[in-house]
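Visitor: Spelled out, the chains give:
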Amino acid sequence: MTNPLRSPGDRRLPRVPEPCALVVFGVTGDLARKKLIPAVYDLANRGLLPAGFVLLGFARRDWEDGDFEQLARKAAQSGARTEFRASTWERLSEAIKFLPGSFDDADAFDRLAATLIELDASHGTQGNAAFYLSIPPAAFPTVLKQMQRTGMADNASCHAWRRVVVEKPFGHDLPSSRALNDLVDDVFTAQDVFRIDHYLGKETVQNLLALRFANTLFEPIWNSHHVDSVQITMAEDVGIGTRAAFYEQTGAARDVLQNHLLQLLALTAMEEPVGFDAESLRTEKRKVLGALKPPTDFAAHTVRGQYDQGWLAGQRVTSYRAEEGVAADSRTETYAAVRLEVETRRWAGVPFYLRTGKRLPRRVTEIAVLFYRAPVLPFAKTDTEELGANQLVVRVQPDEGVTLRFGSKVPGTTMEVRDVSMDFQYGEAFTEASPEAYERLLLDVLLGDASLFPRNEEVEQSWRVIDPIEQFWAEGGEPETYRAGEWGPKGAEEMLARDGRTWRRP
Amino acid sequence: MTTLWDTTGTAVVKALAAERRAQGSISSGLALTLVVVAAEGQVVEAEQAATRAAAEHPCRLLLVVRRRPDAPESRLDAEVLIGGRLGPGEAAVLRMYGRLALHAESVVLPLLGPDAPVVTWWFGEPPHLIAHDPLGVLADRRVTDCSLAVDPLAALGQRAADYAPGDTDLSWARTTAWRALCAAAFDSVSVPARAATVTGAAGDPARALVAGWLAACLGIEVALADGGGPGIGAVSIELEDGEIGITQAGRATALLTSTGQPDRTMPLEPRALGDLLAEELRRLDADETYARALGRATGSGDLSGRSDTRTHVWHDPTGSTDPDPALTTT
Numbered sequence: 001m002t003n004p005l006r007s008p009g010d011r012r013l014p015r016v017p018e019p020c021a022l023v024v025f026g027v028t029g030d031l032a033r034k035k036l037i038p039a040v041y042d043l044a045n046r047g048l049l050p051a052g053f054v055l056l057g058f059a060r061r062d063w064e065d066g067d068f069e070q071l072a073r074k075a076a077q078s079g080a081r082t083e084f085r086a087s088t089w090e091r092l093s094e095a096i097k098f099l100p101g102s103f104d105d106a107d108a109f110d111r112l113a114a115t116l117i118e119l120d121a122s123h124g125t126q127g128n129a130a131f132y133l134s135i136p137p138a139a140f141p142t143v144l145k146q147m148q149r150t151g152m153a154d155n156a157s158c159h160a161w162r163r164v165v166v167e168k169p170f171g172h173d174l175p176s177s178r179a180l181n182d183l184v185d186d187v188f189t190a191q192d193v194f195r196i197d198h199y200l201g202k203e204t205v206q207n208l209l210a211l212r213f214a215n216t217l218f219e220p221i222w223n224s225h226h227v228d229s230v231q232i233t234m235a236e237d238v239g240i241g242t243r244a245a246f247y248e249q250t251g252a253a254r255d256v257l258q259n260h261l262l263q264l265l266a267l268t269a270m271e272e273p274v275g276f277d278a279e280s281l282r283t284e285k286r287k288v289l290g291a292l293k294p295p296t297d298f299a300a301h302t303v304r305g306q307y308d309q310g311w312l313a314g315q316r317v318t319s320y321r322a323e324e325g326v327a328a329d330s331r332t333e334t335y336a337a338v339r340l341e342v343e344t345r346r347w348a349g350v351p352f353y354l355r356t357g358k359r360l361p362r363r364v365t366e367i368a369v370l371f372y373r374a375p376v377l378p379f380a381k382t383d384t385e386e387l388g389a390n391q392l393v394v395r396v397q398p399d400e401g402v403t404l405r406f407g408s409k410v411p412g413t414t415m416e417v418r419d420v421s422m423d424f425q426y427g428e429a430f431t432e433a434s435p436e437a438y439e440r441l442l443l444d445v446l447l448g449d450a451s452l453f454p455r456n457e458e459v460e461q462s463w464r465v466i467d468p469i470e471q472f473w474a475e476g477g478e479p480e481t482y483r484a485g486e487w488g489p490k491g492a493e494e495m496l497a498r499d500g501r502t503w504r505r506p
Numbered sequence: 001m002t003t004l005w006d007t008t009g010t011a012v013v014k015a016l017a018a019e020r021r022a023q024g025s026i027s028s029g030l031a032l033t034l035v036v037v038a039a040e041g042q043v044v045e046a047e048q049a050a051t052r053a054a055a056e057h058p059c060r061l062l063l064v065v066r067r068r069p070d071a072p073e074s075r076l077d078a079e080v081l082i083g084g085r086l087g088p089g090e091a092a093v094l095r096m097y098g099r100l101a102l103h104a105e106s107v108v109l110p111l112l113g114p115d116a117p118v119v120t121w122w123f124g125e126p127p128h129l130i131a132h133d134p135l136g137v138l139a140d141r142r143v144t145d146c147s148l149a150v151d152p153l154a155a156l157g158q159r160a161a162d163y164a165p166g167d168t169d170l171s172w173a174r175t176t177a178w179r180a181l182c183a184a185a186f187d188s189v190s191v192p193a194r195a196a197t198v199t200g201a202a203g204d205p206a207r208a209l210v211a212g213w214l215a216a217c218l219g220i221e222v223a224l225a226d227g228g229g230p231g232i233g234a235v236s237i238e239l240e241d242g243e244i245g246i247t248q249a250g251r252a253t254a255l256l257t258s259t260g261q262p263d264r265t266m267p268l269e270p271r272a273l274g275d276l277l278a279e280e281l282r283r284l285d286a287d288e289t290y291a292r293a294l295g296r297a298t299g300s301g302d303l304s305g306r307s308d309t310r311t312h313v314w315h316d317p318t319g320s321t322d323p324d325p326a327l328t329t330t
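If you read the protein sequences in the order shown, they are chains B and A.
Going by the numbering used here, the first residue of the first sequence is number 1, and it counts up by one from there.
Going by the numbering used here, the first residue of the second sequence is number 1, and it counts up by one from there.
Next up, chain A with everything else stripped away, as it sits in the complex (with noise of 0.2 angstroms):
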């Protein structure tokens, strides 16, 4: 491991190559650069997401923190790593404080494996408008997180006015297992279903999704109703002929009746952050059924026509009466 105090970003990619040799190992596994943006208190929870990802993905790890952009004096600290505490790739954490924070691309982008793809990951307050942020404007796929907003059904909705093809969220993949659940109930019926109610906790945009994704795929109307929670607690279906329902039931089961059929219990796992990141980084290619589910939970409409190119736009949040949640972490 390599510390580097008061540094600058060509400093950072020799300690790197550096690092690379003395280990004897070669990047040719590089599959992907994942840039992980947090905010210091939340560094180790975000270190440790990455790692788990970073065990399924072999990729190179950049977590920029940006600190008080407000700040008179500029400076980037730096710790390189190989094979360690972040898993078995290679790792740079980048601290960077004062106008450095808003200019972060320019330590990032010498540092981006050659070629290869690039996912940047939000870990707090989802950036108002992706543009704003360079680091979001560079990436080939962008993952943000509405559950850690202030108001998740607000920057949900945000999301959807500011999607482009390759954005997701993870609200999306807290959704899957659920989703599961749901094809599989649905694997056994020819008929039309009618209607449909996903309860969970209100506001989450999780619940939102799984409503919106219903509705795209099945034509219908879903209600949302309060109950239960964290999360998804339960959905029901309404079919022409007959009922499903999938219920939370205990930490990590959920219960599957259907009408005309004995009752089940099916795996429901709660997962860690790492591996909600992990299924993004499965998929690198923009997820259409996400485009669907989320302009339908948000009455977007529809959002796969949108242009997959983002141009980054100046944001000065120091200066603006509108300050952007992701560029003024402290």
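Same shape as in the complex, but just chain B (with noise of 0.2 angstroms):
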């Protein structure tokens, strides 16, 4: 029966998931402290947690609920974006519970198993729960072994409904990500399974979709016939901080052009879906990504580097090699850029210019759209000398928001035309509604809403593309040094010079 008390026209009434647990392993972890608790305690703030929900820990730690309580209450304090209230705290610690145990111990997971049902009569559950993969990927075929084995992923067995969160890296190439996916999905089945990308949470993609699909001002020149290129740029003025053991494994290319960059340029280049419902989304993504054509000339259209030492943001910053626990002969870029082409009739022969990187000037992310010049200018050359290509910019972070450039004539005797921006904060003006990334993606988990998170078909394409890139780049030399605070080494430079172009300046 549906709930009678609801209507799709009374939008009022906050979107509540149904009671459920949220099992966190790796509850210690960085991200668990950093974003998740605080995600949990900002839902339950806004009041948009069920009443029958628990949080329930797991980690190789010899603690009670009330130490796990202690520690999530520290991390809610410093990491929550809403106000931290006593009587919000009050209530969901009575909801917050810890089972001690490893990832290899059989008998912790049966008592996992065990309390799932417990929380049922104790908390009003009703049996359901997502469980949160906040582990290392090494660790995720004995956990998920241990959940086939007990039977706790299975919906039917258990009468309720049983997801599961995997955070990226999703492999770290094709077989290995397929071998996870296969394991994955047969564990659970691919639909109860959420793939975090946390930049698809941000307000601002979602609104890309707004933007593309909600006017009739854009869609009618999202093509090659308007558009001569497009950049998406994501950077990072930080370094690599103490994640040097996983960057060293993984470089810039499988950090972030395999997921964000290129989950950000299918929603760039998606055609319509039908519905914005995850199946239609989905798809339509999945069409992109397979449509994507690696490079065929590595050398001419992939660039990777590494920072050197340098200056930024007025301090003196190390090399990459020099960070602590890297090799000091390592070959692992912390900036790549690559030129891909999406073979379909909308974009043939529009090149996309990807770029990542750490130690950049600024933080910073954004998907510009290019169009092509106009053929003929009705004004004398020099008057036309400042004229850029009009633009089209979503600013994902920081001060999200869209900008068009264009030309407009500067007041004065003569004709000079001049480029001019024209912006849509976003940030600025609904800031105080905007829920963090992770709020809302675990949000989405509980409520079962797969739109925002990537299908393992999608995964799998993305490394199809990346693939053969990492392949060239190992087989050849060093990446080029960039010094640390400026815009990446001048191979990318060049590479967008060799077609007539140059990067915008985020």
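Take the hints with a grain of salt, since some may be wrong.
[To be verified] Covered stretches of chain B (in silico footprint by chain A; criterion: 3 or more residues with CB under 8 angstroms from a CB of chain A, positions within the stretch not fixed):
hint, region
1, 40 to 48
2, 87 to 96
[Said to hold, decoys possible] Far from chain A, by Cβ distances over 10 angstroms, these chain B residues were calculated:
hint, residue
3, 5
4, 9
5, 124
6, 189
7, 235
8, 278
9, 295
10, 300
If you are wondering where the hints come from, they were derived from the structure by calculation, not from laboratory data.
Ideal Cβ placement from N, Cα and C applies to all residues, glycine included.
Given two chains presented individually in distinct reference frames, assemble the corresponding complex, making use of the accompanying hints.
Guide: Below, the structure is given as structure tokens:
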């Protein structure tokens, strides 16, 4: 029976998930403390958690519920977006449980399976559970097999829903991601697997869909007849911090390009979905990723770089190789730029330039669509020297919003045309209402809405593009160096210069 | 900030443009214009609420204070500011004296954001007929607050009589948290409801609206019980196989009881006026659920067929034996 008190027309009532437990593996880790627990608190504070809710931590610590509650409280106090209220915490703390155990301990998983059933009686969770795997990829198979053995991942035998949330990296190449997908999809069913790409939880990324498909202004020019090229940038000013061991194995292409940048590309280039449900959206993204052509000339269309020492934001920073835990002759790239093409009728011949890097001048993520210059300009050549290509820029972070750049006459007696920007400040206008990406995505998991989560096929298609690039890099030489605090290596500039283009300064 | 004494509407428009240039800001984020009608004594409170709401929604804020429509001389005093006391957006406080108070739209119309929706909020006794107030006629959304009326229940009845799609009352926003709890409790219910009781302060319009909403959604009779307060104190719903109870327990929590399930405490934070107003600004189309609840609560039947356009009806409160309270603030 549908709830007679909920109707689609009544949009004042918040979407609240069904009663459930959120089980977090690796709850003592960085991600859990900095993002997950604060997100759970924010949801509780906004009244978006169901009445029967339990946060169950699982980790190898000799802890009681109270110890975990202490940790969670600290995490919520320092990380939450909304104001910390003692009353909210008091209520939430009753719902915080801890279960000690290591990932290879069969008894611990038996206890977990039993606990999930007991929680229905004590907290009214109705047996529903979402498992958040905030654990190293190496531990995945062990944990998943234990879940399979105890039957806690099986919707039918539990008479409730069981979902799993997986963090990137989703493997490190196509075969490994396929193996991981097969395993996860086998233990759970494919529609119960939620792969988190936190970029897709950002309001601006969803706004890109509104911009494209709710308006008539942009879609007619959103194709190779009008678009000259697309530049997608994700720049970070930070170094690798304490993630040396992970980063040495991964590098910028696997860490960022394979997931975030290709997902942004898919949303930019995809056709209009028939509906905004998970299935339709993912189908369209999958089509674009499938139509992506890896570069034909790797030497000309891929660039990798590694930061050298330099000055950034007024501070001296070390080179990548001097970072703690990094090999002195490391060949890991901290900057990657590629030129890709989408082989569809809409995009044939339009290059998509993707770049990401660490220790770049500022933290910024944006999608810039650059249009052709007018074929004929009825002005004197000197009048339009300052006129560039028209651009539509979706600023993902920071200063979320949209910028439109076009030529305008400079006031005065001469006819001088120069680029001006028209800004829509999404962040400034709606800041208070924008939830954190994790908050939004966690809520979607509990609601069972998979629209913003990439499907296994999308991940595999992304690896299909990245693998040959990684292979080419593995075969040949060292990455170029760039000074920390500049916009990447020379090679990246040259890659665009060969096409007669330049990178936009974000 | 620019302060203009004994000025004209044109001067206010110019001052706003000058202020915008001086700030270097542009009005591109402007999504709506919020017109607030308040009496002089309540300006500070109205400003605080509107500022809170403006922080969540980019808007141009026009605060209209009508003073003594019977005064012999008409006069306009204005204060124009951007990014200050009144939130991040553009704001103007317009004080109108004398006969001008009855022609407030002559000042407000040129100040409305181009093609942006207009929301008018009366902070005080609601107008008897919204058609009497040109500031209500020009708005796409109209927000009243029956709880500020001398007789709140009579005011609620009048809102139903005067209803047009796009009208809402802040009493309805005050029910949202309660309704969310009722809906959440009902998520795990699979049998029909038999009866329900809403307990709260006598004469509270929010209590009446919750009862009307339950009655309309569940197709049952809903009883009202006096007790607790201010506002709503408890909701209980009798099911075919059990009972659901939601009771205010402490300042910011509610106790949720349900037959066969453990008791739960849920958040039920008291909400500031500004938060209620922000909720109203979130939706700019007609609230059909409100119309159903209002129709049922006041016994006015189906309100959904009403026309959504109003025509201004000239009404002079100074010469009338039946002055409209919203036009006669002093």
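Visitor: Beyond 10 angstroms on every Cβ pair: is that true for residue 278 of chain B relative to chain A?
Guide: 21 angstroms, holds
Visitor: Is the claim that residue 235 of chain B lies outside the interface with chain A correct, judged by CB distances over 10 angstroms?
Guide: The claim stands: residue 235 of chain B keeps its Cβ more than 10 angstroms from every Cβ of chain A (closest is about 25 angstroms).
Visitor: Would you say the region 40 to 48 of chain B counts as covered by chain A, given the rule of at least 3 residues with C-beta under 8 angstroms?
Guide: holds (count 3)
Visitor: Any Cβ of chain A at or closer than 10 angstroms to residue 5 of chain B, or is the non-interface label fine?
Guide: 4 angstroms, violated
Visitor: Compute the least Cβ-Cβ separation between residue 189 of chain B and chain A, then decide whether it is above 10 angstroms.
Guide: Holds, since 23 angstroms exceeds 10 angstroms.
Visitor: Examine each Cβ of chain A, and state whether all of them lie more than 10 angstroms from the Cβ of residue 9 of chain B.
Guide: Not fine: 5 angstroms to the nearest Cβ puts residue 9 of chain B too close to chain A.
Visitor: Per the stated criterion, does the least C-beta distance between residue 295 of chain B and chain A lie above 10 angstroms, as a non-interface residue requires?
Guide: 39 angstroms, holds
Visitor: Examine the region 87 to 96 of chain B: at least three residues should have C-beta closer than 8 angstroms to a C-beta of chain A.
Guide: The restraint on the region 87 to 96 of chain B holds, since 4 of its residues have a Cβ under 8 angstroms from chain A and three suffice.
Visitor: Quick one: work out the minimum CB distance from residue 300 of chain B to chain A and report holds if it exceeds 10 angstroms, violated otherwise.
Guide: 40 angstroms, holds
Visitor: Beyond 10 angstroms from every Cβ of chain A: is that where the Cβ of residue 124 of chain B lies?
Guide: Residue 124 of chain B is in fact no farther than 10 angstroms from some Cβ atom of chain A, at 5 angstroms.
Checked against the numbered hints above, the structure breaks hints 3, 4, 5 and satisfies the rest.
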